[in-house]
Amino acid sequence: MRRVITTALAAAALLGAVEAHANYTQTRYPIVLVHGVTGFNTIGGLINYFHTIPWNLERDGAKVFVASVAAFNDSEQRGAELARQIVPWAGANGGKVNLIGHSQGSPTSRVAASLRPDLVASVTSINGVNKGSKVADVLRGAIPANGAIEGGANALANALGSVINLLSGSNNPQNGLAALQTLTSSGTAALNSRHPWGVNSSSYCAKSTEVHNVRGHSIRYFSWTGNVAYTNVFDAVDPFLAITGLAFGSEKNDGLVGVCSTYLGQVLGDGYNMNHVDAINHLFGMRGWTEPVSLYRQHANRLKNKGV
38 MRRVITTALA AAALLGAVEA HANYTQTRYP IVLVHGVTGF NTIGGLINYF HTIPWNLERD
98 GAKVFVASVA AFNDSEQRGA ELARQIVPWA GANGGKVNLI GHSQGSPTSR VAASLRPDLV
158 ASVTSINGVN KGSKVADVLR GAIPANGAIE GGANALANAL GSVINLLSGS NNPQNGLAAL
218 QTLTSSGTAA LNSRHPWGVN SSSYCAKSTE VHNVRGHSIR YFSWTGNVAY TNVFDAVDPF
278 LAITGLAFGS EKNDGLVGVC STYLGQVLGD GYNMNHVDAI NHLFGMRGWT EPVSLYRQHA
338 NRLKNKGV
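Number 38 in the working numbering belongs to position 1 of the sequence shown; there are no gaps in the numbering.
Treat the hints as calculated values from the structure; they're not laboratory data.
Virtual Cβ for every residue (Gly too), placed ideally from N, Cα, C.
Any given hint could turn out to be false.
[As the list claims (entries may be wrong)] Have a look at the derived ranges for each label pair, beta carbon to beta carbon:
#1 244 / 186: 22 to 30 angstroms
#2 253 / 193: 39 to 47 angstroms
#3 342 / 96: 39 to 47 angstroms
#4 247 / 197: 16 to 24 angstroms
#5 61 / 322: 15 to 23 angstroms
#6 288 / 253: 35 to 43 angstroms
#7 125 / 286: 51 to 59 angstroms
#8 203 / 331: 33 to 41 angstroms
#9 187 / 288: 23 to 31 angstroms
#10 203 / 322: 23 to 31 angstroms
#11 335 / 244: 13 to 21 angstroms
#12 185 / 276: 28 to 36 angstroms
#13 132 / 206: 37 to 45 angstroms
[As the list claims (entries may be wrong)] Below are the BS3-like pairs computed for lysine-lysine, each with C-alpha atoms no more than 27 angstroms apart in a straight line:
#14 244 / 343
#15 244 / 289
#16 100 / 341
Required output: the full structure, derived from the provided sequences and hints.
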């Protein structure tokens with residue numbers, strides 16, 4: 038009899054654990070993943086910007102949407118596009134969404150939250166460009182204004198954006214120069230003056246708090262980032278990021294964004310062993326010691342426990 042009772046209790050405990058795990062990422066409101074510059078939601082349904090991340094969130098209860106905004110444009114334009122996209126998603130799922138943006142997806146999400154704070158429960162920045170990128174500063178400084186080089190660079194970016202539109206089934210307006218300017222330190226400072234929530238502009242490395250009142254609506258802000266550019270000898274992107282990371286000198290960075298620039302709201306971590314591309318589980322799962330998918334899953338559970 039004792040063995041039967043013990044077996045029954047063990048089975049019940051196991052069942053409870055399975056049920057709890059099955060709901061681990063089930064947030065109250067759906068999660069909207071927002072891509073960065075040069076990004077897309079999916080290419081032909083085969084290549085996803087957030088590699089395997091939507092599925093890994095959905096398999097334990099989360100409802101996930103992946104936004105499609107301009108691959109090349111300023112954060113104001115992209116934010117307006119995102120604000121329009123979330124209207125039906127929020128309307129059909131409790132009235133709000135949780136925005137999670139990578140790279141330029143962070144200021145894009147912040148703009149959307151500022152435009153439609155009634156529809157946003159939280160904004161999370163992943164390796165986000167919240168105080169500009171020194172790589173963008175270098176590029177902007179190296180391209181003479183109003184010249185042939187600038188025109189050619191803009192045309193090339195716009196052409197690439199059009200190809201991304203075609204392959205992803207989108208029709209987003211492209212503006213390469215606007216994308217570059219919005220990611221510079223001065224461009225981001227201007228954006229922050231218009232959409233200040235979650236960013237502490239008192240100093241470059243100043244951190245903010247989690248909950249902010251945005252035009253009468255309470256929104257939670259979070260962020261995390263990696264702090265190394267080269268993480269995997271087999272990853273073809275890492276040598277490129279190691280070179281771009283030189284723009285930061287001794288400042289900790291992920292190859293494209295300085296650590297302090299990523300700070301938004303409650304900083305959940307700024308020392309992860311991952312670079313700018315690792316943060317979205319690319320290239321195709323090649324990464325450093327930090328497992329990025331687990332960070333998304335843990336955060337979904339965090340949002341769930343906070344009631345959003």
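Status of the hints after comparison with the structure:
1. At roughly 38 angstroms, the beta carbons of residue 244 and residue 186 sit outside the given window of 22 to 30 angstroms.
2. Distance hint check for residue 253 and residue 193: the Cβ-Cβ separation is about 43 angstroms, which falls inside the suggested range of 39 to 47 angstroms.
3. Taken as a hint, the range 39 to 47 angstroms is violated for the pair residue 342 and residue 96, whose Cβ atoms sit roughly 19 angstroms apart.
4. Checked against the hint of 16 to 24 angstroms, the C-beta distance between residue 247 and residue 197 comes to roughly 37 angstroms, which is inconsistent with it.
5. Distance hint check: the CB atoms of residue 61 and residue 322 are about 21 angstroms apart, consistent with the given range 15 to 23 angstroms.
6. Taken as a hint, the range 35 to 43 angstroms holds for the pair residue 288 and residue 253, whose Cβ atoms sit roughly 37 angstroms apart.
7. Remark: the range hint 51 to 59 angstroms for residue 125 to residue 286 is contradicted by a beta-carbon distance near 45 angstroms.
8. Look at residue 203 against residue 331: about 34 angstroms separates their beta carbons, and that is inside 33 to 41 angstroms.
9. Against the hinted window of 23 to 31 angstroms, the Cβ-Cβ separation of residue 187 and residue 288 comes to about 27 angstroms, which satisfies the hint.
10. Here the CB-CB span from residue 203 to residue 322 is close to 26 angstroms, well matched to the stated 23 to 31 angstroms.
11. A C-beta distance of roughly 20 angstroms is found between residue 335 and residue 244, which places it inside the suggested range of 13 to 21 angstroms.
12. At roughly 30 angstroms, the beta-carbon separation of residue 185 and residue 276 lies within the given 28 to 36 angstroms, and the hint holds.
13. Between residue 132 and residue 206 the beta carbons are some 28 angstroms apart, a value that contradicts the proposed interval 37 to 45 angstroms.
14. Only pairs whose Cα atoms come within 27 angstroms are accepted, and residue 244 paired with residue 343 is accepted, the gap being roughly 21 angstroms.
15. A C-alpha spacing of about 16 angstroms is found between residue 244 and residue 289, which places the hinted pair at or below 27 angstroms, so the restraint holds.
16. Simply put, residue 100 and residue 341 have alpha-carbon atoms about 12 angstroms apart, close enough for the 27 angstroms limit, and the pair holds.
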